[in-house]
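Just so you know, the protein sequences line up as chains P, B and Y, in that order. Quick note: the first sequence uses this note's numbering, first residue 1, plus one each step. Quick note: the second sequence uses this note's numbering, first residue 1, plus one each step. Quick note: the third sequence uses this note's numbering, first residue 1, plus one each step.
In short, the hints are calculated from the structure, not lab data. All of these numbers come straight from a predicted model, not from anything done at the bench. Incorrect hints may appear among the rest.
Stated by the list, open to error - In silico SDA-like cross-links for lysine to any residue, where the CA-CA straight-line distance does not exceed 20 Å:
| hint | chain 1 | residue 1 | chain 2 | residue 2 |
| --- | --- | --- | --- | --- |
| 1 | P | K176 | B | V349 |
| 2 | B | K337 | B | V349 |
| 3 | P | K176 | B | W355 |
| 4 | P | K142 | B | K337 |
| 5 | B | K296 | B | A37 |
| 6 | P | K176 | B | W317 |
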Amino acid sequence: MSACTCPDPAPAAAAVERLADPGPLSAPRLAGAGGVLAVIGVVAFTALLLTDAGRAWGALLAATVAVTWTSLGALAFLAMHDAGGARWTAPIRRAAEGWSGGLPLTLAALVALAACGAPLLYDWFALAGTPGHEHLFAGHAKAAWMSPARWIATTIGITLVWLALRHAFVGGIGRKPRRAVLLLVVAGYGLGLFTWDVVLALDSRFVSSMAGMYAAVGGLQCALALITITAAWWSRGRHADAFRQHTFHDLGTWTIGLACVWAYIAFAQYLIIAFGGMDNETAFYLRRMQNGWDVVLTVVALLRFPLPFLLLLSQRTRTCRYALPIASAAILAGGWLDCAWLVVPHLFPQGMPTLGLLPELAVGLGFAGGLLLLALRYWRRHGTLAHGDPDLVPVVNAEHLH
Amino acid sequence: MSAPREPELTARQITDDLTAPIFRLPSLQWVGGFLTAAGLAGLFGLAILAYCVEGYGIFGVDNTVNWGNDIGSYVFWIGIAVAGTLVSSVLLLFRQRWRTGVNRATEAMTVFAINIAGIYPLIHTGRPWVDYWLLPLPNDLSLWEQFKSPIVWDVFAITGYATTSVLFFYLGLIPDFAAVRDRCPDNRFGRLQRLLYSALSLGWKGTASDWRHYERAYTQFAWVATPLVVGMHSTIATLLAVSLVPGWHASVFPPYFVSGAIFGGLAMAMLLLIPLRSAFSLERYITIDHLDRLAKIMLTVGMIVLYVYVTEFFTAWYSESAAEQGQYWYRLTGEHKAFFWTMILCNVVSIQLLWFRSLRRNLGVLLLVAFMVNAGMWLERYNIVVLSLERDHLPSKWTAYAFTGWDYIILSGSFGLFFTQFLLFCRVAPVVSIAEIKATLLRRGRHGADQEASHG
Amino acid sequence: MADAVRTAGGHGYIAGLFADEGSFVAACRAARAAGHTDLQAWTPWPVHGLEEVLGLERSWIGRAVFPAILIGFVLCTGFIYQLTVEDWPVVYGGKPFAAWQLWVVPVLETGLLLGAVVNLLAVFHTCRLVPDPFATLPDPRLSDDRFALALPVGGDAAAVCAWFAAQGAESTLAVDGETALARPRFADLPGQEAPHA
């Protein structure tokens, strides 16, 4: 790795006694951009709905999965540190809390899917109530499990529980270890079931016990990327005194670590399924690794692992103003593309649909705009820095490192 | 009346406390423990001798359950070995300063467990005199070993990990060996000790420049060891998971094995640390806080293991595979169901005690939970390896596996060998890293605040 | 006293022995401020921030490990390719001869092992660690509870000793600053007297 010569995002500075409070966040241009993105998403979804409804719901599902995993990832990232008694996250607490706000989008999308879109995505959902439904499964128990009513109850129920837990966890001052533990247990176990129902259920014969972990690590990685970009943004003006080099170093180390963990989980799942050669398992990968989808998978893998890994390998680049946000942006792009790769090939196994993945991207951007607007709303109400947190100033002054 | 306040620790006091076991005669308890462990280790050797003379048939394996106690215990000991280096490395990378109290003992645990683990597959080949075939050498027909086989991956993984963990362990010991070297008494035995520790410490000088390179290398080791150890245990998981045996073919196996290994390894670390701190008066170095934190990590990974148990059963049911469903039903209700339910009691029920702070700080409870988790993790490997093979895809092959006397002997002997090594280690090297604990405790003292707390 | 330090130079070294880490670091800082670059320091444990105080560069060891890992990857990949594709290809489980996905584990393990070995050899080399049964520190307490800072001294050893005393050193001794071992090039200093004064 060549040494990065760009300046640190927040060079070492003298210790501070208190941090400046610039007041409520006002970012009209960013809010405008979020609104424009949301409109683009709505327009793209409507256009798709009129031309190819199945594709429209597929695009919506991919975006929903991406936003859900990311929001939960942001919550879990903070909760992990709260539960472990870590303090370095004090400056990024509000950033993480803000980005965890996408669950209402999940709820809205699930309601829409339950009402209209699910039969176009899940064959067992479409066949419910017909003799064909029973024929999909070997036994009555699974047939009963794979029913629309159960699916709706489970997915929406889990999302409501997550929303309640988020409400109890975010905001306020200081670490909340007990709530963090509860959140981690419930969110972790729930995410497994949610991923089975929303993603794996696209092919009702496919099983992978790794799915929950894949979702969890992917969500953590994307959430960390958003938090990092936000920290880099605030460090350049709004909170120049709060984000020091050591915080970016920690964010960089976590970014590189999670990139490795994602690669590990993704590769282990692939290796075991590919080596095993069971038809119900390999069909999932075969569909997603031929007719051009292998290129998408390659891009996903590059964006989520080697690119951030190599970019941040050097300690210098790990705190670099440019390298860290670039790696984070790559991870975000890879995160969305990963979700698209999980969903869209199910609808288009013969190859890339018309206009490639651009319409799906437009819908995804719409969800990103929605998430941004929700995050901005949160920061306007709760501030962008957890002033009053007893850990904040000591962490900014790097006292926890000495 | 409040208890008298203990005097503040000084560097000299720390050196004295931590090197004392090296310079004084062993206690009766140590001698008793050592003789017991060494006796069991002797049985281990006896079992291997009997195996070499009589052949592999002395153990309970048959054509169906051909991976019996050997492979189950192999995975168990590998798991113990994983936890030591992983805990030490990961805590270092996360800048958890409290690791200094426990990292030396856990690294030692790794080294001693991995050499036991390594013996099992070498026995298991059935013809240990040709074990060198495991190395990438061409055979008589110039045919190389098959690199697409997980068995070969395993050879690379174990070799790489064993070497790296020994190097990591030794690198950490060098400054402490130098401290021992400079404190050897000036008598005949002391001079002999000095010669030995001088050689072992490799002329360590402790200059600022040395520390600069040393600390960098130590951190680098942690960076290298972490993926290596995760990869190593994941390789063992793939050894089972890439096959189609019911109960083995699960994509979650690699992280499942890694978390299970940390779980069992931490339990073993507690079993070692709790008596150790009492026997060598190390309560100020291996504190209740350290054990509390270890218990929290144990609870966390225990919950991940529970998640995997649930996922496995759900996957088997969801897959609608008769073989998978039959396998898991067999575990619940078959003739070895007691093993499964005991495992649940040990690995799932017992750790729920650790949700309570008062119980996490109760040494008796910790010892009990640690013992149960160790037993539970051994049973888990037994259930995975043996029960899956007992009920595989071909009903006409189904058998019931049972231990022979030699299986019991070699299993108990492996524990004897492990504790023999650990007890010897306690007498020849500081069981807590002197340099690291000084840097942590005395720095905390200087700053006047509890900076030992995690950074995270 | 800073003037005395600045004028010190030559072949021998005088070390000040400190019982307190704070005074030791302050002395290091003062010596650096006085313009000294040829310093040698001993500590019983790694002192946070001492590298910056002494003006030491970041260790180069980190730069050696990553290339070693990459070399390990390349060597192992080449090795397996040669064996399983070129030398004697065998159909195994219907997998292609060059099934790189199935090589990942041995390649990863080999690369990391090579990285670990190079890491260890690098620290042995750079810290000159060899089994030396006769190596002794300038003072045995330097691996226990004492810190030492050595300055090169020419003709004005007494001034250096006095400077150390002013910095809070509890005693001074003559050392070989080049090897950092207790092999002084001139006799031990009796009190504050300089051997070549």
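Tested hints:
Straight-line distance between C-alpha atoms of P:K176 and B:V349 comes to about 26 Å, which puts the hinted pair past the 20 Å bound. Between B:K337 and B:V349, the direct Cα distance comes to roughly 16 Å. Compliance with the 20 Å bound is thereby established for this hinted pair. In summary, the hint linking P:K176 to B:W355 is supported, as the alpha carbons are separated by about 16 Å, within the 20 Å threshold. With a CA separation close to 25 Å, the supplied pair P:K142 and B:K337 exceeds the 20 Å bound.
In summary, the hint linking B:K296 to B:A37 is not supported, as the alpha carbons are separated by about 30 Å, beyond the 20 Å threshold. Among the hinted pairs, P:K176 with B:W317 is inconsistent with the structure: their alpha-carbon atoms are about 37 Å apart, more than 20 Å.
In the structure shown, a violation is registered for the earlier hints numbered 1, 4, 5, 6, in ascending order.
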